[in-house]
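Going down the list, the sequences are from chains A and B. According to the numbering used here, the first sequence holds residues 1 to 112 in order. According to the numbering used here, the second sequence holds residues 1001 to 1113 in order.
I should point out that these hints are in silico values taken from the structure, not numbers from a laboratory. Any given hint might turn out to be false.
Covered stretches of chain B, as calculated for chain A (at least 3 residues, CB under 8 Å) [what the hints assert, rightly or not]:
(1) 1008 to 1016
(2) 1075 to 1085
(3) 1104 to 1112
Within a straight-line C-alpha distance of at most 35 Å, the following computed DSBU-like cross-link-like pairs (lysine-lysine) qualify [said to hold, decoys possible]:
(4) B/K1070 with A/K99
(5) A/K3 with A/K69
(6) B/K1071 with A/K52
(7) A/K99 with B/K1009
(8) A/K111 with B/K1070
(9) A/K99 with B/K1057
(10) B/K1057 with A/K111
(11) A/K3 with B/K1057
Think of the CB as a built atom: it goes at the ideal place given N, C-alpha and C, for glycine as much as any other residue.
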Amino acid sequence: DAKTTQPTSMDCAEGRAANLPCNHSTISGNEYVYWYRQIHSQGPQYIIHGLKNNETNEMASLIITEDRKSSTLILPHATLRDTAVYYCIVRVANTNAGKSTFGDGTTLTVKP
Amino acid sequence: DGGITQSPKYLFRKEGQNVTLSCEQNLNHDAMYWYRQDPGQGLRLIYYSQIVNDFQKGDIAEGYSVSREKKESFPLTVTSAQKNPTAFYLCASIRQGSNQPQHFGDGTRLSIL
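Throw the hints in and build the complete structure from the sequences for me.
Here's what the structure looks like:
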């Protein structure tokens, strides 16, 4: 699975959009981009995933660049409860689920 | 509701003791994973299993052992050979051959007495 690079930390004002970037320049054509978040002392929670098209669900939007080398997770109206560590991973899907590697993620702090 | 159950939530180990962390899933998932998380850091893969009676080492398998006798269960044993076992341990599972995400348990926090 390709490696991802994320900023260590970011701040966002409450009510504003939070835009979290992820670089995955070595992604291959059959790898999906997944985003999770982890609130302290809990297991990671799935947010959204995509292959090449932009995706939106009730939690967030995922924007993937045309060359697929980077993506951005958008939380449209951040709340204090969105303060968490956000992980971006890439993984081959539709095949045997081998190793799945998480990096250090981005610590998002939403401020009042 | 289907999900992953990890137990216990907190566990204490004495020096030289082996301890076993439980992970059970009722999602009918094929693959299961164990991760270790140290304070302020990301998840590191210990072991994973894609099918019953088979498992592979992850990046930090030394001092740990696993078994996969049933599809639903993937217990992790932290042996006395693991000299720094204090950490947060997370179990995850996923359905093979799909693009669906991993599901995670709520973790077990292991400390040394």
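Hints, verified against the model:
1. By the rule of at least three residues with a Cβ nearer than 8 Å to a Cβ of chain A, the coverage given for the stretch 1008 to 1016 of chain B is violated, with 0 such residues.
2. For the stretch 1075 to 1085 of chain B, the assignment as covered by chain A is violated, since 0 residues bring a beta-carbon within under 8 Å of that chain's beta-carbons and 3 are needed.
3. Counting residues of the stretch 1104 to 1112 of chain B whose CB falls under 8 Å from any CB of chain A gives 5; the rule of at least 3 is met.
4. For the hint pairing B/K1070 with A/K99, the CA-to-CA distance comes to about 20 Å; that is within 35 Å, so the pair holds.
5. For the hint pairing A/K3 with A/K69, the CA-to-CA distance comes to about 11 Å; that is within 35 Å, so the pair holds.
6. With a C-alpha separation of about 33 Å, the suggested pairing of B/K1071 with A/K52 holds against the 35 Å cut-off.
7. Taking the CA atoms of A/K99 and B/K1009, the gap is near 25 Å; set against the 35 Å cutoff, the hint holds.
8. Restraint check for A/K111 and B/K1070: the C-alpha separation of about 46 Å exceeds 35 Å, so the hint is violated.
9. For the suggested pair A/K99 and B/K1057, the alpha carbons sit about 10 Å apart, so the restraint of at most 35 Å is met.
10. With a C-alpha separation of about 41 Å, the suggested pair B/K1057 and A/K111 falls outside the 35 Å cut-off, and the hint is violated.
11. Distance check on the hinted pair: A/K3 and B/K1057 sit about 19 Å apart at the alpha-carbon level, within 35 Å; holds.
In terms of the numbered hints stated before, the structure departs from hints 1, 2, 8 and 10, listed from lowest to highest.
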